[in-house]
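**Student:** Given next are the chains, with one letter for each unit.
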Amino acid sequence: MEAGFAVTMEGITKRFGPVVALDEVTLKVRKGTIHALVGENGAGKTTLMKILYGAYPATEGQYQIFEETAKFKNSAEAIQTGIGMVSQHYSIIGELTCLENLMLGAESSWLIPQSASIQLAEKLAAQMGFEFDWGALASGLSPAGAQKLEILKLLWRNSQIMILDEPTAMLTPQDSDALYASLKTLVKQGATVIVVTHRLPEVIEHCDQVTVLRGGKLVANEPVDPGETDLPARLAELIVGRAIAFPELSKREPGERLLTAEKICVRGSRGEISVRAASFSLCAGEIVGLAGVDGSGQRELFAALYGTQPIVSGLVDFLGEQLASTTKERLRNGLKWIPEDRHRQALIEDWTLDDNAALGMHCAPPFAENGHINRAGRRQAASEIASLFATKFGALSDPIASLSGGNQQRFVNARTLFSKPRVILAFQPARGLDIDATRAFYAELSKAVEEGATALVVSFDLDELIQYTDRILVMSLGELYETGQSRNRTEIGKLMVGAA
Amino acid sequence: MNWRLFLLIAACIATIFAILVVGGFPAGQVLLDLLNGSVGSLKVFSKTLREMTPLLIAGTAVFVALRAGLFNIGVEGQFTMGAMGCAAVAIWIPNWFGVLCGALAGIILGALWAFPAAWIRAYRNGHEVITTIMLNNIAGFLTTALVVGPLKDPFRENATTAAIPIMFPNIFSTPTLGQNGKPDGTFEITIGLVVGITLATLLWFWLKRTVAGYELEAVGANPSAAEMAGIAVRRVTVKAMLSSGGIAGLAGALQVLVLEGRFYKDFSQGYGFDSLGVALLAGGNPLALIPSALAFGIIKKGASSITVMHSVPKGITLVILGLMIVVFAAIRYRKHMGRAVA
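Same order as they appear, the protein sequences are chains A and B.
Just so you know, the first sequence maps onto residues 897 to 1396 in this note's numbering.
Just so you know, the second sequence maps onto residues 2 to 343 in this note's numbering.
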């Protein structure tokens, strides 16, 4: 007998003022399946899930949970009904222990029985094959660990329907596979999982059913058949609405060396050596990928190049001279970056697009002259930056916080390319971007390197690096390895986990 | 949207009204006299402007620090040190040079008094609220010790310095006429008020139009992003705090050079603390410091006149100022909550 539907959403429409985010969308999720929800940035995936989770009311339409009509006024009611959601940004609090995080907001009573709680926590973890040191602070967890803890949080709350928004965005291929393995365990036990994702290989490999949204409308809903060979291409086309061609890697010949690092060592935030005698060089005309498990030292290496973390030993040569000591001089000399955390490092959220456009280049023309801000020049530059990747925004004088995450990333990427850099350090530049926007970014990046720049790109999505970069370096436990021209996924994967 | 604002202000006035009625005062008459006693005639308005001047300059001091993300509670201490330093220098130097030296001494002492807090915040990550509160206490006791000791005028009984020989003259002065048509006082615009308005205006220009102002606001809004943008966050922090202290010291110096003519024990009367309210009420715009300081001036002057006329306790000033700030905070907070969710 076929299992019934866990979720039935019919004719869901959601308007934010004049903007129609969802237009008569239908979503049916069978009990005991992993259901993928895919689509571009702004296709309405997250909005639909937030309606299901009770965070937004739907403007029109209705939904049933376990074939009973529901209408949630808030998330608390959705949680009561057995719906749980892990959002893109984890809500783990580093200052609390793992156990405290697990129980937060769902404590069994006002007095917390420590040992009984640990027993229950252990039981849930064992059921999933996870291991946790429950008394340890959650700040010590890796992204994969935090993701696992988020899933246990849902179990603790007896969620029957779990919504995961971009669950693998921060994970390595190995961790992603492990995550899906545990999701499959859950599904076997009767849970239902909805995964919002950009990554098609995951959908094809692990999901039972896929729903595609485009521009707030439902465009496809079909079972996933891993046997269908051109499924990735067909899904990609459904998502963006036309056949997309992946760019052929141009056979670029690397030119002169722009940046050379020799045996540099950098300390991490706890004082440990995180980058061990790393040597590499970046040449004009190439995009170099930096692959590695999250936390292998990429962050510290980049911080040392930004100038926010001191280099303990070793030399960096930039354009034939020793790298300048201050961040300001490095920026002025043409070393530019796309930082990892756009909220904390790249943008000032309360500020307008105008003001944000100047950040990092605010001392020089066209943004300023002789210490005075050139408002006309800045406005012109801001509008050019916004138009490079078709950033969607209301007005240049709106706060940048009013943009969606993907659009903020487009703006940050465009700002870096706008400054005509010599060396570009990009940390996860495609984070939150859909296939089309990622492709557009790398096309522009290629243009920049062909005009004589070079780029070092960190991504936790190995496929992205294989697809778009000329050469891949691998970082593992603070050490750097060359892979030459290798495009072998397994080989690089082995290097990443130190198994080569 | 606007009816909410209206409702808030109405609720604010109603609360003050209710407090007065409960206290057994003729509320309507008291509020009317509050306005009469502060803006009712040129003569009293002149006094309101006098009250407003130190609040405006000290408010500008708080504002500079606030834009850099620093809460300078120490304006009270910097104001007092500036006033003391100014008087200590100016009483010895007879001519115009003395006035200038006094003003300069005020600025330097104010900045010096902010320096420990600035340095500890920037390089040792100690919170400026704690350090400046401590420095306020030290400033209070130190200036008292000086003014009962070495700086005391031996010919006077009170703890005060001698009068300084030359003061800043008024920019504009005219006799005011009373109800019977005879002169009953003067209307004055002091150099202090002009300095205050100029400072607030310059600050507006500096923040919006210069790279240095941009960097200061970036540090205040998001220090990590500022650092990534090549801004020397620590240096900007120290500079902002020193400027704040310097302006606060100037406020104290001008109080001596324009109004008081000497320094005495318990000189400040809480200007440094009221100026925190002035800066908060101004929100994000330096030009708003001017109406904000004026509002504080009106209430402070008006309250002292209703204290005389109706024996309303002086504490009513605090109640009214407190309510104003709460209402304003509520309006600003609403703006933040109303931000579009993307």
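These are calculated hints, taken from the structure and not from any lab test.
Every residue gets a Cβ at the ideal spot worked out from N, C-alpha and C, and that includes glycine.
One thing to keep in mind: the hints can contain errors.
Which chain B residues face chain A? A few, computed with CB under 7 Å, are given here [to be verified]: (1) R210; (2) S225; (3) A226; (4) E228; (5) A230; (6) G231; (7) V234.
Which stretches of chain A does chain B cover? Using the computed rule of at least three CB atoms under 8 Å from a CB of chain B, they are [claimed, not checked]: (8) 1249-1257; (9) 1263-1272.
**Student:** Enumerate the violated hints, using their earlier numbering and listing them in ascending order.
**Tutor:** 7
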